[in-house]
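Assemble chains B, C and D onto chain A, guided by the hints.
Given next are the chains, with one letter for each unit.
Number of protein chains: 4
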Amino acid sequence: MHFEHTPRARALIEKVSAFMADHVYPAEAEYHHQHAHAADRFAAPPIVETLKARARAAGLWNLFLPDAERGAGLTNVEYAPLAEIMGRSTIGPECFNCSAPDTGNMEILWRFGTEAQKARWLEPLLAGEIRSGFAMTEPAVASSDATNIEGTIERDGDEYVINARKWWTSGAGDRRCRLLIFMGKTDTAAEKYRQQSMVLVPTDAPGVRVVRPLTVFGYDDAPKGHMEVAFENVRVPIDNVLLGEGRGFEIAQARLGPGRIHHCMRLIGVAERAVEAMCNRATERTAFGRKLAEHGAVMEAIAHSRMEIEQARLLVLKTAWLIDTVGNKGARAEVAMIKAVVPPMAQRVLDRAIQVHGAAGVSQDFGLAAAFAHTRALRIADGPDEVHRRTVARTELRHGERLGWHTGAEEGLR
Amino acid sequence: MHFEHTPRARALIEKVSAFMADHVYPAEAEYHHQHAHAADRFAAPPIVETLKARARAAGLWNLFLPDAERGAGLTNVEYAPLAEIMGRSTIGPECFNCSAPDTGNMEILWRFGTEAQKARWLEPLLAGEIRSGFAMTEPAVASSDATNIEGTIERDGDEYVINARKWWTSGAGDRRCRLLIFMGKTDTAAEKYRQQSMVLVPTDAPGVRVVRPLTVFGYDDAPKGHMEVAFENVRVPIDNVLLGEGRGFEIAQARLGPGRIHHCMRLIGVAERAVEAMCNRATERTAFGRKLAEHGAVMEAIAHSRMEIEQARLLVLKTAWLIDTVGNKGARAEVAMIKAVVPPMAQRVLDRAIQVHGAAGVSQDFGLAAAFAHTRALRIADGPDEVHRRTVARTELRHGERLGWHTGAEEGLR
Amino acid sequence: MHFEHTPRARALIEKVSAFMADHVYPAEAEYHHQHAHAADRFAAPPIVETLKARARAAGLWNLFLPDAERGAGLTNVEYAPLAEIMGRSTIGPECFNCSAPDTGNMEILWRFGTEAQKARWLEPLLAGEIRSGFAMTEPAVASSDATNIEGTIERDGDEYVINARKWWTSGAGDRRCRLLIFMGKTDTAAEKYRQQSMVLVPTDAPGVRVVRPLTVFGYDDAPKGHMEVAFENVRVPIDNVLLGEGRGFEIAQARLGPGRIHHCMRLIGVAERAVEAMCNRATERTAFGRKLAEHGAVMEAIAHSRMEIEQARLLVLKTAWLIDTVGNKGARAEVAMIKAVVPPMAQRVLDRAIQVHGAAGVSQDFGLAAAFAHTRALRIADGPDEVHRRTVARTELRHGERLGWHTGAEEGLR
Amino acid sequence: MHFEHTPRARALIEKVSAFMADHVYPAEAEYHHQHAHAADRFAAPPIVETLKARARAAGLWNLFLPDAERGAGLTNVEYAPLAEIMGRSTIGPECFNCSAPDTGNMEILWRFGTEAQKARWLEPLLAGEIRSGFAMTEPAVASSDATNIEGTIERDGDEYVINARKWWTSGAGDRRCRLLIFMGKTDTAAEKYRQQSMVLVPTDAPGVRVVRPLTVFGYDDAPKGHMEVAFENVRVPIDNVLLGEGRGFEIAQARLGPGRIHHCMRLIGVAERAVEAMCNRATERTAFGRKLAEHGAVMEAIAHSRMEIEQARLLVLKTAWLIDTVGNKGARAEVAMIKAVVPPMAQRVLDRAIQVHGAAGVSQDFGLAAAFAHTRALRIADGPDEVHRRTVARTELRHGERLGWHTGAEEGLR
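Residue numbers (my numbering), protein chains in the order written: chain A, 1 to 414; chain B, 1 to 414; chain C, 1 to 414; chain D, 1 to 414.
In isolation and in its complexed conformation, chain A is listed as follows (with noise of 0.2 Å):
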């Protein structure tokens, strides 16, 4: 056992780090800007396709991707403190072609899509020239439990025409968006988990209608947005299935694995940042004759977000290497764990951050509400945190004996 990551990865760390360094927190401000200003919420700004050029030319490109020849070829472990430091800039994780939701459809596509599939569909994505969404998520049931969507997916000779309501279909406000992953019911006889499937559907396909954009505390996200669609008649070839009829429960697993890992290492690099403007703040503002950072409640704060993370950190590591070593299904207990422990954790760690700025800290000036509301909606992306916590807990329930913590006392004494 031991810390330190590969060469490859301390490489890759020290280049990603300079690049966000040079190029991305430097832009920060003019992103906001060109996005405050621009004719179209959902047009991307400018800078971003600057930056991609940028990263790409210095080979940071498709990090996440663990196929040699199309990504970096990374193992997850090596991956995590990537994914982590680009995660610590609102705009940092599609300046290397790594922002969700484009990661996961491009991973299943690269897994389970034919090679027709993927020359339409993975290499614009690969290439950053389009953006692509997830269309899982229904309004009207607990989506939490994946066996409740009632999309249809209606074989008509050799198409398929979908219906259905879908929600939180992220990124599909992107002007660039040209597909979508859609899950629904090819077959509601059959058995629970074999009903489901995956088809791809162009964003132009008639009868994809965006409804609304929806808002996560007041932020509607744009561009990606995260958009209501109404699926009606859509018809597609049936070649359009990904995998198979009745595949769409077993991709969705196999997406969410990595999704929800994704996920928690770039809330360790919001964490860090928070931390890190918690700190800085403390040092600048004086209350009651003494700096912030000498008072014991700001100092409380400090130290339990630093124990917090180094502590999830660690968890999101051994995970990735257990996915790395024995698999997506080897490390369900562990991926519902760190889905269930980071996004609330980094939630505690913004909130201390947002209580130490005062009242900038819910403003615009700060990233710290906005990185808050996207934290907070974490917590029921990808499954909700009870939903974890129960598969944590029944995975535990499970092994086999157990010691107890009998003293014999009862028996001594009787």
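The hints are simulated quantities; they were obtained by calculation from the structure and are not laboratory data.
Incorrect hints may appear among the rest.
Treat identical chains as interchangeable: a pair holds within one or across any two.
What the hints assert, rightly or not - Listed next, the in silico DSS-like pairs over lysine-lysine satisfying Cα-Cα at most 30 Å (straight line):
| id | residue 1 | residue 2 |
| --- | --- | --- |
| 1 | Lys52 | Lys192 |
| 2 | Lys329 | Lys52 |
| 3 | Lys15 | Lys185 |
| 4 | Lys291 | Lys329 |
| 5 | Lys192 | Lys15 |
| 6 | Lys192 | Lys329 |
| 7 | Lys291 | Lys118 |
| 8 | Lys192 | Lys291 |
| 9 | Lys185 | Lys291 |
Same frame as chain A, now just chains B, C and D:
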């Protein structure tokens, strides 16, 4: 000691509840609709004036004002349940002309204003014809320590010349806002708590410039808005000083007592409504074969919320009773307590309600996320939690002789 | 609504406080000394009887009993502050003949006993001449669910034959204990809540065997003790049944209401004393150049404790008032709330007080660790926290129509 | 970075686990039985020596000592899982001669002792023939600030004359205890951290008097005991000084690093065993028609415990690795972190395990309450949580330049 409201209060509780049920709750959707389609986000939707007229006609007007002629002449303990009920809807308090920051401003005008000041400002405020703001917090300093404030009020003949950069001047966005009560320093050489004065500044005075709206998480809270306001060589007659030079700190204290308790009363209502919504949702949705309401984690969320609300409400009521019987100063520790207790409590309840609602909870479809943002900000506004807890601890430590809990074991056995 | 006690209660508060200050606190060390040097740990130290005689002479006797002739005829809301004050000392309640489990036992004898039962058992208990125990919990089953109880009461002619293994029969260790109120099943075929009966069992009945004292953390709480008791073919006359066969569950409910609230009242006193001790220590000791009282973490501990106690006390008082006005049943949810709120609150306060005391806090030199152990056990006794929270949640979910918090955004924009 | 132990460590993990399963767990009841019936509470039950002989024969001896000749020559990261496994039983560590405070004492003798000191004290300690104590904490001052210590060591010719009142000298109760390592001041005029020295004091030196055993929540932890010890004109040769005069603080620091991490390693084992016991009990007992394991509140308790343990363990392992690679000083912040993280974590886990066990959980029938008491004390021993959090915060605040989280909104819009 007993826990029943006076007949007068009970009658008003019934009336205000009925008004909320008959007029306010049903108007919430219309309010949002009007606002969403308004040409000017900072113009109040017309339905507000309709509701105000109805409430006034029903005799439910200015219930906050202890003055029996101008207001309802209620005690704080009588007003508490009414403020709570109004607080259950975001648009509730204003319908009854009982919304912040106007209540606080009206109260200090009523208490400390000259007859001329009352005629010009208090009367139209009480009539609901104009709105007002309170300009105290500054971006450049930790305003939790009021002595940090840097805005200047310099006398020049019969006028004061005012210069400052203020922010979080809530209500200053509203097109009906006519008055800003400005806090700044008239004499930086005076004793620490005698340097500040309050001056009445018409919003149309030359040099007053609304710089921008601040957001709370992603909400701009239009039409009221929380505005950053520049005061650049603003001139007002010296008659516009409130109570006299050097009395600013004293007025601030007088304003904060009732202001804080009113916020807390309303937040109890917010938390109550969150629990209702949480129970509603929990009985509507099913996951993993059972209603959410039957999941242990959801029941824990409901129980903790109920227990926390009950306790916090009683502390608010007791504090109200203390203000009624021993005054603001006598109730200082209790006011600090409720300010440090109620907003975090309401934040926790809202957080749980959001979680039970799933992704819908963070969106614009439910009032929870907006209420969360507002509540979170109240852990900073009027003094951050930490400052209030410091007040509580100091009061506790000031008590005279105290009993330890020595057992005498030490002496007995040596 | 007001928060002042009745003149009668105020007079008693003053008297009981004075008695505590004059007689009880000063006797604590002597009590421990006598107990430490006693030949028999389960014989009450003589000073207890001295204090009892003084309290009785002062008219401060049986204050818990609502009966104006046999007791003080106080309402619950009047008794609450008195129980709190008594509770500030471990030896306090017994001095006033107001200690558990005797108060609960006296109350049900008074309420449900025949004249003969009262003459034989209630009178000497009220006189403080004998002590009693309550034998309900069993080691073999989860007794939090009272229907699990397995002890048997079989009729044989004019006698009941009793067989059971009970434990946590508090008070049964005391040499003065003469009576056990036994709960068991008379009819396992009856309706679920009519199977149980309560029977009065003299401690000297053949077949009653005290097996061993249980410890709470490392305390045996001698002389009272929490005993494991075997009942082996114990025979008592059928006249010893309380209220009648099949009424056991009903009596248990009647006993638990007041029993739970009395525990909570006393725990408020425990928490208060812990705060005093914490403040005391914090002003006595210095670390890192400052009094502990000036360290932010200590101030936070004090403030949180004060705020939690204030809230919990008010909820206890309101619950007492509800029992007085609408009865045990009407106050069922509130009784569940205080039972789930007060012991955890007192545990937190004691935990903080221990921390401020450093190593001394966990030792025998201060009353904190023993109070912690006792308090921790009360999160299990009379029903664990979880069961009470379930009651609270269920009550909440049973309420009729509820307002949701829809904004109408969904409809408005589709 | 990877999370697998070295082959050497894995082999030892297997051996120590097997030894625990074959010898230690089965002996727990016997240990308690022997101790309960012993004539002398402070004589170690004979089974301890039997187990020690077996462990030594199995080559599982002095595994803590980095010295490859005298000990096992393991790194800290190798030793960590072994200490955890030993820690799962209260009697575990001593069986392997790896129990506190002897490990800490042996370590400093090994590191700083002269050959003569080693021959006289280290060898018999390593052989498990004698036991030792560490006399540093004093009742009269806040010993969390080591500079407060008042005990004196005055030179008189070839001897030191020692005077002090110490307490919490753990292990000094054991009849086999022969050595006390005493910390006191040799020069109160010296620089703050050069005033202290450590001196080796035989327990049979005239003037050494064990005053009394202290209790931890009612437990005296005999036979080791936590003793109050009076040093009255105790004379020892000047050769008994460790490392030299004025080096006491430095040795204390060197002792505390490993001491703290060893405590934390063992507590991970304590927490693990509590989870096992919790799961065991939850699957054995039924309430309200369902196994406890199916109640949501119990599942939450299990899940939170598992998640907290996993995180804390990883932080302990990383800290061990840091000590191995960059040394005690380089790992200073991490040592502070684990000391502030692990004991509160273990306390929470034990508290939940107790709750799931019901009343049995606080009693002598299970090891939970005793483990809780021990764990609670460790939040104070070797520095209270607050002091360690202060260290963590200060380290954090010392970092050089830090990135804030300004969005540029302010500048952009003005």
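Hints and how they fare:
1. Taking the shortest Cα distances, Lys52 and Lys192 never come within 30 Å of each other, neither inside one copy (42 Å) nor across copies (54 Å).
2. Taking identical chains as interchangeable, the C-alpha atoms of Lys329 and Lys52 are never at most 30 Å apart, the minima being 34 Å within one chain and 42 Å between chains.
3. Proximity of Lys15 and Lys185 under a CA criterion of 30 Å is satisfied in neither setting, with 44 Å inside one chain copy and 51 Å between copies.
4. Taking the shortest Cα distances, Lys291 and Lys329 sit within 30 Å of each other only across copies (28 Å), while inside one copy they are farther apart (50 Å).
5. In this homomeric assembly, Lys192 and Lys15 never come within 30 Å of each other (Cα to Cα): the closest approach is 47 Å inside a single copy and 45 Å across copies.
6. With identical chains, the CA atoms of Lys192 and Lys329 are at most 30 Å apart within one copy only, with a shortest distance of 19 Å there and 45 Å across copies.
7. Neither within a single protomer nor between protomers do Lys291 and Lys118 lie at most 30 Å apart by alpha-carbon distance, with minima of 57 Å and 41 Å respectively.
8. With identical chains, the CA atoms of Lys192 and Lys291 are at most 30 Å apart between copies only, with a shortest distance of 19 Å across copies and 60 Å within one.
9. Within a single copy, Lys185 and Lys291 get their C-alpha atoms only as close as 59 Å, which misses the 30 Å cut-off; across copies the closest is 23 Å, which meets it.
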